[in-house]
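Novice: What follows is the residue order along each chain.
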Amino acid sequence: MLDITANTPAFDPAYASQAAFRALMECMARPGEIRSLKGIDAPAPFAPATAALIKSLADYETPLWLDATFAAAPKAAEWIRFHTGAPVVGSPAQAAFALIADARTLPDFGLFAQGTSEYPDRSTTVMVQIDAFSGDAVTLKGPGIKAAHRFAAAPLPADFDTRLQVNRALFPRGIDLVFIAGNGIAALPRSIMIEER
Amino acid sequence: MSAPVYNFAYLDEQTKRMIRRAILKAIAIPGYQVPFASREMPMPYGWGTGGVQVTASILGPDDKLKVIDQGSDDTTNAVSIRKFFVKTAGVETTTKTSEATVIQTRHRVPEQALTEDQVLVYQVPIPEPLRFLEPRETETRRMHALSEYGLMHVKLYEDIARHGHIATTYAYPVEVGGRYVMDPSPIPKFDNPKLSDCAALQLFGAGREKRIYAIPPYTHVKSLDFEDHPFEPYRHDAQCELCGAMNSYLDEVITDDAGSRMFVCSDTDFCEGRRAAGHGPVAAGAMETARG
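Note that the protein sequences, when read in sequence, are chains A and B. Each residue of the first sequence is one higher than the one before, counting from 5 in this note's numbering. Each residue of the second sequence is one higher than the one before, counting from 30 in this note's numbering.
Since the hints were derived computationally from the structure, they do not count as laboratory data. Please note that a few of the clues may not be correct.
Unchecked claim - When the alpha-carbon atoms are kept at most 30 Å apart in a straight line, the in silico DSS-like pairs for lysine-lysine are as follows:
(1) B:K239 x B:K251
(2) B:K251 x A:K145
(3) B:K251 x A:K150
Claimed, not checked - From the structure, some residues in chain A lie toward chain B, with a derived Cβ separation under 8 Å:
(4) A33
(5) E122
(6) E200
Every residue, glycine too, gets a C-beta built ideally from N, C-alpha and C.
From just these sequences and the hints, can you work out the full model?
Specialist: Below is the structure:
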């Protein structure tokens with residue numbers, strides 16, 4: 005049974021969506037820079053900022069794929085259904101957005117929609133919840149970055165650098181990554197290049 | 030009832046989500062034209078419906094909006110779009126480039142360098158740079174997929190063969206981030222260098238053609254050219270007769286029916302700012318000295 009009162013956060017559909025989108029737009033335009041946004045309460049394992057982003061961007065047109073941790077939380081799926089109407093799909097290759105609660109088990113990027121050479125925009129935006137923007141930093145270069153930018157996130161899969169390099173090699177195909185820690189977000193669009201650590 | 034007549038910034042929320050998703054993909058793939066489900070707007074195609082939809086989707090209540098049409102804040106298109114957003118979003122507007130957080134433009138880039146806190150939204154009539162060379166969308170899409178831009182170089186070469194120089198003066202094709210060839214919208218080629226390594230995010234909206242594309246900040250944008258015919262921005266060899274500027278893009282204004290003319294800055298805010306700071310036209314003799 006869906007408890008609507010417990011599922012209705014204070015979220016103005018026009019203003020709060022705009023604020024969340026604008027923060028993400030700035031993050032996409034300036035890879036690796038961390039912006040904060042006003043998160044909203046949602047059932048675990050949702051981080052407040054993830055919930056705000058999903059509520060701002062997902063609707064009946066955007067299939068969502070959930071990782072094992074999200075999929076094991078029926079209340080999270082219920083929240084998605086009630087607040088966005090987005091279909092939850094079983095295959096990451098069909099997803100417009102993927103939600104990852106456990107960054108250590110981030111699936112191989114090749115499993116997500118990569119777009120096609122003609123339509124590279126038809127690819128998955130992967131939202132990864134992490135503990136913090138700290139740890140071993142990597143140097144980013146590319147569009148949106150003035151000279152170079154240092155980016156750190158933890159936890160990450162051990163082969164994360166290699167995965168990013170493979171993703172970049174596919175350009176203009178490939179996936180775009182959004183990292184979320186609490187109310188902070190940062191993005192690594194497919195256009196970024198990383199330097200050896 | 031005191032319910033507002035419009036949703037904030039006119040567009041419904043589902044439309045905004047769709048446009049916002051397209052904008053995010055456009056930023057992630059610099060120069061690539063993302064198809065989007067362009068809506069009918071309460072203004073005709075050709076009046077900036079694409080730019081208006083992009084602006085409506087990014088605009089927040091704290092933004093300060095500036096709208097220019099060919100550099101000017103006070104021409105019909107600029108005034109009507111500014112009024113549209115005052116009415117539907119209630120945002121503050123300004124004519125000062127430095128004060129604006131969102132600038133919607135038709136066919137010019139402001140003279141004053143933009144900052145990281147600004148977004149420049151271009152109105153685009155024909156987003157496909159290859160369209161007049163290859164009318165089939167299926168073919169141009171394949172050419173972009175394969176980075177097959179030889180046809181564009183042939184076009185520029187034919188300019189040289191016919192005129193002795195590259196005669197394209199506006200909507201001059203650029204290569205973004207070393208990958209996609211992009212139409213910068215019909216800005217004069219004088220403005221092309223400003224697109225490269227710009228601190229501000231640049232978004233392009235084509236309403237009739239249903240495309241959104243972007244240049245992220247600090248992205249290398251190269252105007253196509255040849256080693257022996259390098260790209261050259263064009264500017265009338267004159268000063269602004271109101272503020273004396275020697276480095277701004279000039280409009281030619283016909284002043285009578287006997288062929289008299291004057292040159293004035295196309296960017297009205299830039300010109301007003303210079304005049305307010307005490308600049309004025311320089312006498313002919315001094316101008317020769319200034320030119321060296």
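Novice: Evaluate each hint against the coordinates.
Specialist: Going down the list of hints, with the structure as the test:
no.: 1; hint: B:K239 x B:K251; in the structure: holds (25 Å)
no.: 2; hint: B:K251 x A:K145; in the structure: holds (18 Å)
no.: 3; hint: B:K251 x A:K150; in the structure: holds (17 Å)
no.: 4; hint: A33; in the structure: holds (4 Å)
no.: 5; hint: E122; in the structure: holds (5 Å)
no.: 6; hint: E200; in the structure: violated (21 Å)
Hint 6 from the list above is the single one not met by this structure.
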